[in-house]
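First to last, the sequence lines map onto chains A and B. With the numbering used here applied, the first sequence covers 3 to 153. With the numbering used here applied, the second sequence covers 1343 to 1494.
Some hints here could point you the wrong way.
[What the hints assert, rightly or not] Below are the SDA-like pairs computed for lysine to any residue, each with C-alpha atoms no more than 25 Å apart in a straight line:
id : chain 1 : residue 1 : chain 2 : residue 2
1  : B       : Lys1409   : B       : Val1376
2  : A       : Lys139    : B       : Ala1405
3  : B       : Lys1433   : A       : Val64
4  : A       : Lys139    : B       : Lys1430
5  : B       : Lys1477   : A       : Arg148
6  : B       : Lys1477   : A       : Val64
7  : B       : Lys1422   : B       : Ala1405
8  : B       : Lys1433   : A       : Arg134
9  : A       : Lys139    : B       : Val1358
10 : A       : Lys139    : B       : Lys1409
11 : B       : Lys1398   : B       : Val1363
[Claimed, not checked] Label pairs and their computed distance ranges (CB to CB):
id : chain 1 : residue 1 : chain 2 : residue 2 : range
12 : B       : Tyr1426   : A       : Leu37     : 19 to 29 Å
13 : B       : Gly1382   : A       : Ser72     : 50 to 60 Å
14 : A       : Arg134    : B       : Ala1387   : 45 to 55 Å
15 : B       : Leu1458   : A       : Leu60     : 42 to 52 Å
16 : B       : Tyr1426   : A       : Leu35     : 36 to 46 Å
17 : A       : Leu16     : B       : Tyr1426   : 49 to 59 Å
18 : A       : Leu16     : B       : Gln1391   : 48 to 58 Å
19 : B       : Val1358   : A       : Leu16     : 16 to 26 Å
20 : B       : Cys1362   : A       : Phe81     : 56 to 66 Å
21 : A       : Glu30     : B       : Val1406   : 45 to 55 Å
22 : B       : Glu1420   : A       : Ala146    : 52 to 62 Å
23 : B       : Asn1468   : A       : Tyr100    : 10 to 20 Å
24 : B       : Glu1355   : A       : Ser72     : 21 to 31 Å
[Said to hold, decoys possible] Per the computed footprint, the stretches of chain A lying under chain B, defined by three or more beta-carbons under 8 Å from a beta-carbon of chain B, are:
id : region
25 : 75 to 88
26 : 122 to 136
27 : 139 to 147
Hints were generated in silico from the structure; no laboratory data involved. Glycine included, each C-beta is placed from N, C-alpha and C at the ideal position.
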Amino acid sequence: MNYFRNGGFLTRYLIAFCVITTGLCIAEGVLGLWLQPDIKLTFGSFLVPPAFGLMTSLTGLVMESRRELSARQMLFRLFIQLLLIEGMVFGINLALGYRFSPFLAGIVAMEVAGIFVFVYFVMWLNERRVVREFNRKLARLQEANRDGDAE
Amino acid sequence: MKVSIRQIDARSEEQVIIECVRVTPEIEEIRAYVRAKGEGLSGIADGGQIERIELKDVYYFEAVDEKCFACTENKVYEIKQRLYEAEKAYKHCYFVRCSKSVVLNLMKLGSISPALAGRYTAHMKNGENLIISRKYAPAVIEHVLGKGGESK
């Protein structure tokens, strides 16, 4: 089984990982410069976005199911996934002894939700690209089949 | 390759004979094509009468409560086969599994569009919409785009 094929399991997770990591780098840079411009970070901080990217993209496993999910069940699981990510972000920060002010907590929660929506948007763009190619080739395939019928 | 046609009187005696040195994939393709043409199945219509359905008229097969139905443009027939049997038997006629309970005919598919989180909506030519589930989406896409995105 080719997990990397169009719409395949690993393709989805790789896209999610890359988009989350990129989104976190940008969000941390922008929000950090805006809210806490005096803080200097170590080289270790470079590892934070990919680590969070890996952990949060793995929460996508809540969308996997042996049963076929209805649209409502999918939406519910998306909500659960977002809650899991928020919980993970705040939980890890809390465990490391970092306490957010209510204002900062709100900003971080919104940032996480923004990246979450952005990931699904990028995945939707990728699916749209695949769909466009699919529809083009489907029309060609049907045309070829019609030609075969006509001969 | 030489092609010859000999006219006969009885329709029941119609046949295609392929004479070849080796059964290559191309020969298999011709065999599948010939088999697909005029292929049909029997189905029980709404009124209970048994009717002959041309395979090319079937939009999709659907399994509901242990029963399997063949759906044409505006009629539904109950068929004796199970869904997996229909899927296997008509694979060569562009029938492909799109969800746990549906096998659709790619020749009757108008287009697809992305739905939520890895699922797709199949817009059939008769206006019906079917769901292509996450599990079967890669196989459906691969059927048309081919492995590695190459067209068939």
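Do the hints match the structure? See the list:
| no. | hint | verdict |
| --- | --- | --- |
| 1 | B:Lys1409 / B:Val1376 | violated, 29 Å |
| 2 | A:Lys139 / B:Ala1405 | violated, 28 Å |
| 3 | B:Lys1433 / A:Val64 | violated, 32 Å |
| 4 | A:Lys139 / B:Lys1430 | holds, 23 Å |
| 5 | B:Lys1477 / A:Arg148 | violated, 30 Å |
| 6 | B:Lys1477 / A:Val64 | holds, 14 Å |
| 7 | B:Lys1422 / B:Ala1405 | holds, 11 Å |
| 8 | B:Lys1433 / A:Arg134 | holds, 24 Å |
| 9 | A:Lys139 / B:Val1358 | violated, 30 Å |
| 10 | A:Lys139 / B:Lys1409 | violated, 33 Å |
| 11 | B:Lys1398 / B:Val1363 | violated, 31 Å |
| 12 | B:Tyr1426 / A:Leu37: 19 to 29 Å | violated, 58 Å |
| 13 | B:Gly1382 / A:Ser72: 50 to 60 Å | violated, 34 Å |
| 14 | A:Arg134 / B:Ala1387: 45 to 55 Å | violated, 39 Å |
| 15 | B:Leu1458 / A:Leu60: 42 to 52 Å | violated, 20 Å |
| 16 | B:Tyr1426 / A:Leu35: 36 to 46 Å | violated, 58 Å |
| 17 | A:Leu16 / B:Tyr1426: 49 to 59 Å | violated, 32 Å |
| 18 | A:Leu16 / B:Gln1391: 48 to 58 Å | holds, 54 Å |
| 19 | B:Val1358 / A:Leu16: 16 to 26 Å | violated, 47 Å |
| 20 | B:Cys1362 / A:Phe81: 56 to 66 Å | holds, 59 Å |
| 21 | A:Glu30 / B:Val1406: 45 to 55 Å | holds, 51 Å |
| 22 | B:Glu1420 / A:Ala146: 52 to 62 Å | violated, 32 Å |
| 23 | B:Asn1468 / A:Tyr100: 10 to 20 Å | violated, 58 Å |
| 24 | B:Glu1355 / A:Ser72: 21 to 31 Å | violated, 51 Å |
| 25 | 75 to 88 | holds (count 3) |
| 26 | 122 to 136 | holds (count 9) |
| 27 | 139 to 147 | holds (count 6) |
This entry does not satisfy hints 1, 2, 3, 5, 9, 10, 11, 12, 13, 14, 15, 16, 17, 19, 22, 23 and 24, going by the numbered hints stated previously.
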